[in-house]
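**Student:** Each chain, letter by letter, is given below.
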Amino acid sequence: MDLRGRSQHADRAFTWVTRAAAALVLVILALVALTMTKRAWPVLDKMGFEFFTSSRWSTPDDHYGALALIFGTLYTAVIALVIAVPISLGVALYITQVAPPRLKRPLVYAMDLLAVVPSVVFGLWGVLVLSRYGGLGRSFLTAGIILAIMITPIITSLSREVMETTPPTEKEAALALGANRWEMIGAAVFPHSKGGLVGAVMLGLGRALGETIAAALVIGSALGQISVDPFKPGNSMPAVIANEWGEADDLHKSALVALAVTLFVITIIVNLIATAIVQRSMRRSRGT
Amino acid sequence: MIPRSLWLLAAFAAGGGCRCGTDVDLTLNASGATFQKAAQEVTIDAFTRKFPRIAVNYGAGGSGKGRQDFADRVVDFACSDAPYKPADVGKVKGEFFYIPNLLGAIVVAYNLDGVESLQLSAPTIAGIFQRQITRWNDPAIAAENPGVALPARAIVVARRSDGSGTTENFTKFLAAGAKGSWTLKSGSTIEWPADTQAGAGNGGVAQLITTTPGAVGYVDLSDARAAGMHHAKIRNRSGAYVAAGAESVAAATATIELQDNLIFSALDSAAPAAYPIAAQSWCLVYAQYPDAATATAVKDYFTFLVTDAQQYLPEIDYAPISPAMRDRALERIGKIRGP
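Protein sequence lines, in the order shown, are assigned to chains A and B. Using our numbering, read the first sequence as starting at 1 and increasing by one per residue. Using our numbering, read the second sequence as starting at 1 and increasing by one per residue.
Label-pair distances were calculated between CB atoms; the ranges are:
1. B/46 with A/50: 50 to 58 Å
2. A/231 with B/151: 23 to 31 Å
3. A/7 with B/25: 52 to 60 Å
4. B/91 with A/50: 21 to 29 Å
5. A/273 with B/42: 52 to 60 Å
6. B/291 with A/231: 53 to 61 Å
7. B/41 with A/19: 46 to 54 Å
8. B/89 with A/270: 39 to 47 Å
9. A/10 with B/87: 52 to 60 Å
10. B/338 with A/10: 53 to 61 Å
11. B/115 with A/46: 41 to 49 Å
It should be emphasised that the hints constitute simulated quantities derived from the structure, not laboratory data. We treat Cβ as the ideally placed atom computed from N, Cα and C, and that holds for glycine.
Extracted from the complex, chain A is given alone in its bound form (with noise of 0.2 Å):
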């Protein structure tokens, strides 16, 4: 019996079935630009670049500008994540160089567990408790707040996974070199991780941009609201997309899906920055 042969065809039809898996996904993720593109078509003719640079939202006038819903998104989003890395980093340190050994599991376990709670709980926690005895009423604070506890979770899952798969024996290089465990920390688990690391927060940060009923709930719903104070009400784009598709007409709903297109594409750039950071510092690292 000649195996090579029958190797050699189940090789063949293994790759095809995954590059045609491949091709796939890139055809869908083309086919949801275009048919949302062309949805989403009537109100940029009309409204032009306009669209992007005007901060006035008006349904009866038929003049929607999305400026201050994308600075919305933005926003909260940067605060949640000024809030969630540094504790979810600090989550996954402990976690992995400090715990001792009978805390790792159970601390883990209610890390994952976290992770998988729908959203809308925390919305709601949100806002019954945060907004009505927090004190903070609804701003880009409480729903940045909101974001970062949601997102908290899944970065600390991720980058703790990360984090243990450093070689054990360079952080034990770094600690007989006479490191005290900041240092080997600095030295072993970081470097290793750093790629890692980043791709964990832009998940949490891909999460927070497109966060929609928590964010709906406690943003304020403030029209054209463009301002640094956190305590101000606002609004983002999914939270704008989910409270007023259902009374929409025509070209209200060609501006939300014109938002959904736009929240897609800052989603790209954000995430091929991320890339290009991370290959940046890893080629200096590296030393090419």
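Starting from the known structure of chain A, fit chain B onto it as the hints suggest.
**Tutor:** Chain B alone, transformed into the frame defined by chain A:
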């Protein structure tokens, strides 16, 4: 030992409340205005007692969604607080009828300690919601409420964050009643001033009002009653200050002009006992259904909707349609036919 799969099946069948499979002959699906949701649920409940072999599902989702679903023929009927815009009528896949089935009230609810009753007119309300009147003891409010001790507290305006037929009817009333002084136009979403608070749904606005001293907002009557909020008497076109209720809303039907396609407006009525923010709503039905059984079921449901179901409306804070409207509606319903 009973296998786990049987337990699961039993739990699903018992707890799911699913009227499916051999339980019913036909299911009617509908979507549309949340304003109508309570009325539809009560109607469906009574209807299925009379016609146990027909299941009806009202999915709500908003008037806009209802109009869209109906135009695409993905539902058997829909309900909407506003008719199609002229540009969208052509998109509906077939001849259809507007069937008016109820009226409701939109009230101006407020949270002001010590003020048990308030009287407001459209120009004053317009001034409040446009943030020109910012304190409760403003001369404009005081002039309409002689003898009421109004505090100097700041007014907090609560409005909708989501698109809504309630907003549309409320702003239409202000545009008609306040004439030149209302500049924000009307629609399911408008450009509210920046220093207003937004809540999601009637419930969200109600929650804002009840938790914020000095707040005022517009909600439908049933949500106001459920939250125990005070609501203002509104001045109608004959000059009388009228409180919202099933009778005062029904009085608004006396002066309506029913167009040929049964479109009308009950807002800003001139009838002496009429509540001026009486909101109208319709259910949309096709003239022809491709399936004979569906056509009969729809006809039965709509006939029930405008006749037997009307008696249940007052206790859930809606007003029934007038006998004249009912007769015109029944005449239209009679025209629904099968293939």
